[in-house]
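Student: Read top to bottom, the protein sequences are chains G and R.
Residue numbers for the first sequence follow this note's numbering, beginning at 1 and rising by one.
Residue numbers for the second sequence follow this note's numbering, beginning at 1001 and rising by one.
Calculated directly from the structure, the hints in this document are not laboratory data.
Quick caveat: nothing in here was measured; it's all calculated off a predicted structure.
Please note that a few of the clues may not be correct.
Said to hold, decoys possible - Pairwise CB distance ranges (calculated):
| hint | chain 1 | residue 1 | chain 2 | residue 2 | range |
| --- | --- | --- | --- | --- | --- |
| 1 | G | P111 | R | S1059 | 39 to 47 Å |
| 2 | G | D78 | R | T1079 | 32 to 40 Å |
| 3 | R | P1039 | G | L11 | 28 to 36 Å |
| 4 | R | S1081 | G | Q80 | 39 to 47 Å |
Stated by the list, open to error - Listed next, the in silico DSBU-like pairs over lysine-lysine satisfying Cα-Cα at most 35 Å (straight line):
| hint | chain 1 | residue 1 | chain 2 | residue 2 |
| --- | --- | --- | --- | --- |
| 5 | G | K98 | G | K2 |
| 6 | R | K1007 | G | K67 |
| 7 | G | K98 | G | K70 |
| 8 | R | K1007 | G | K70 |
| 9 | R | K1007 | G | K98 |
| 10 | G | K2 | R | K1007 |
| 11 | R | K1065 | G | K42 |
| 12 | R | K1007 | G | K42 |
| 13 | G | K2 | G | K56 |
| 14 | G | K56 | G | K67 |
Unchecked claim - So the derived list for chain R, only partly shown, Cβ under 8 Å to chain G, looks like this:
| hint | residue |
| --- | --- |
| 15 | Q1038 |
| 16 | L1045 |
| 17 | G1052 |
| 18 | Y1057 |
| 19 | F1075 |
| 20 | T1077 |
| 21 | S1081 |
| 22 | G1102 |
| 23 | T1103 |
| 24 | P1108 |
| 25 | G1109 |
| 26 | L1112 |
| 27 | V1114 |
Backbone N, C-alpha and C define an ideal beta-carbon position, used for all residues, glycine too.
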Amino acid sequence: QKEVEQDPGPLSVPEGAIVSLNCTYSNSAFQYFMWYRQYSRKGPELLMYTYSSGNKEDGRFTAQVDKSSKYISLFIRDSQPSDSATYLCAMSRGGYNKLIFGAGTRLAVHP
Amino acid sequence: SAVISQKPSRDICQRGTSLTIQCQVDSQVTMMFWYRQQPGQSLTLIATANQGSEATYESGFVIDKFPISRPNLTFSTLTVSNMSPEDSSIYLCSVEDPPGAGTQYFGPGTRLLVL
């Protein structure tokens, strides 16, 4: 079993839809949870960062962490074609510990 | 956040040769990380490079195949040695910023194709 599970998709939604992306994990020691966005032929870009449990909102993006269920989510409101990319969840124990990545979910937002 | 550049951005190489990838950061950082992203796959950590000490390699990666240098706090290199087509991947460097925060920022990557 992988430490971090993420459905690779692809996920196709119409413009304006609410997108929900999810990851589950098995290591209860993870404390830092991140979402990266990766456009084709580019490096991953840090989108959202959450420490421990709770919610964090930044514009159209909301990240949620439920440590009791070992489940994290990224919600994108009013999705735009420019949101079309691969979204990778990542997590670590922090303090120079390595990041463990999910497989990445390919998202396509069509006009 | 730290700004990271990599050279070359892409290359096509013949099997049996070696390629050295450079990673430059615009600020001093303690730890630098090297990842591989195979076609259609997620990121896999190759090694962690701490300035002034030997790099720490992950399981499945060895120093003879992926030697790393870390001469100062803003620069690192990764060499892919004796390449085969299976080494065709994107190679990415990253840094943790701020130190100890758990967040990593990535360079644009080096796309390598081995024929």
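Student: When the structure is checked against the list of hints, which entries are broken? Sort them ascending.
Tutor: 2, 3, 6, 8, 15, 17, 18, 19, 20, 21, 26, 27
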